[in-house]
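Colleague: Listed below are the residues making up each chain.
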Amino acid sequence: MEDSSVVSPSDQAMHRELHEHIQASIARLPEQQRVAVILCRYEGLPYEEIAKIMKCSVSAVKSLLHRARYSLREALKEYY
Amino acid sequence: MNCRKVHNLLDDRLDERLDPSSRSAFDAHLADCPECREQWEAYSGAWQILGQHQSIEPSFGFVERTMRRLDEMPASHGHEWLPVFRWAALGLTVVALGLGGIMGWQRWETDQDVAQQEPAAVTEIESFAQINHGSFFEDLEVIASLGELSPENKSTPQ
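As given, the protein sequences belong to chains A and B, one line each in that order.
According to the numbering used here, the first sequence is numbered sequentially starting from 1.
According to the numbering used here, the second sequence is numbered sequentially starting from 81.
Okay, chain B solo, but in the shape it has when bound (with noise of 0.2 Å):
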């Protein structure tokens, strides 16, 4: 093996690519060549402080890589219980808008109910007062006669 053929060799023996034989014979020769020992030490060397001070950032293509291995991943059976939980939280704020609603319709329907009687009451009380021609807050036998008008106090004797 010649010195030029050395030289256009130095790449494949360098990344082993070179056959047994031809790569005794390169040896052999960088043995008895200076030159090309020479060269080639610093040929390698280069490539060999590469190799000795690998990056810490992500290598090329890391996202690449690390994406399709993500999609080639089965699926995750770590959160089934998740839609469970999901339906039951729907279910329970459905049930409490459902109650709030009735409630709400029925202190509706009696704050209407209680509109309507205060009406008459005050027409009642009106009238006593007409009848007796002045105040009726004076007038004891009125305030008795309102007193029982008052549902409350038709029930519990005074």
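Here chain A stands alone, though its shape is the one from the complex (with noise of 0.2 Å):
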């Protein structure tokens, strides 16, 4: 019986490529959107507090998101 915990070697390429695509795109992104990204995204800070350590306003937040999000979409559009 075939374990499906088990991952091929070309899943695991393509999966480190993805990785790899991530991490150059995001990168690529203008220091403040990048640091934007990070907090809201793996930080999982809502956007009062990115604002404060940003200092910044959450409206600013929210355009640097949205901008930030239109360019990992055109980044990443070929793996969704």
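By construction, these hints were calculated from the structure, which means they are not laboratory data.
Be aware that one or more of the hints could be misleading.
[As the list claims (entries may be wrong)] Sample of chain B residues at the chain A side, in silico, Cβ under 7 Å:
| # | residue |
| --- | --- |
| 1 | A126 |
| 2 | I129 |
| 3 | H133 |
[As the list claims (entries may be wrong)] DSS-like mimics (lysine-lysine), calculated; alpha carbons at most 25 Å apart, straight line:
| # | chain 1 | residue 1 | chain 2 | residue 2 |
| --- | --- | --- | --- | --- |
| 4 | A | K52 | A | K62 |
| 5 | A | K77 | A | K62 |
| 6 | A | K77 | B | K85 |
| 7 | B | K85 | A | K62 |
None of the values given here were measured: they were computed from a predicted structure.
Glycine is no exception: its CB is placed at the ideal position from the N, C-alpha and C atoms.
From the two separate chains plus the hints, produce the assembled complex.
Modeller: Below, the structure is given as structure tokens:
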């Protein structure tokens, strides 16, 4: 019986490639957008907390995230 | 809810910041509008991919958070015995140095006593040699008298 938890080498390679592509896409973002994305997506902070850390308004955080998401959507469109 | 409003609320919907009624209206519009649905799927798809591929590298601010937590932690009680051993080692070192100094001083004093006695013995030997006008090693009587002068020979009979 085949173990479904075993990941094939080709899947591992694809996963690694996507991982590197994501990291490169985030790295290419302007610094303010990159910080906002990391704080929001990977740290799970609310807009208000991000605004406090980045010393800007909540609307500025929303704007940064919106522009970053559009850039990432274009960069990653071949993967979803 | 129209397409423009949906476009403006994409981020709030993505971050779960919409109230229940706005969320229902948003989802209802997507169900009826293929263009907005496609835009939403593309917009949210990239964001979902980011979440599925968490970086294995330390997250942003990891070092700062770790250092802050370390500062907040109570002081460790696991090595309280270490200062006791350090003081004991220091005490033993001082005692060893003191004993070494005392023994060295005694040894030095003994060497000084021997050094002071040796010239006197030599002087007596030379005087015997002069009295007998010759090499005292050839004169058995002188050698015998020298044996009597030696401290070891005084106590041990021949």
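Colleague: Checking each numbered hint in turn, tell me which of them this model violates, lowest number first.
Modeller: none
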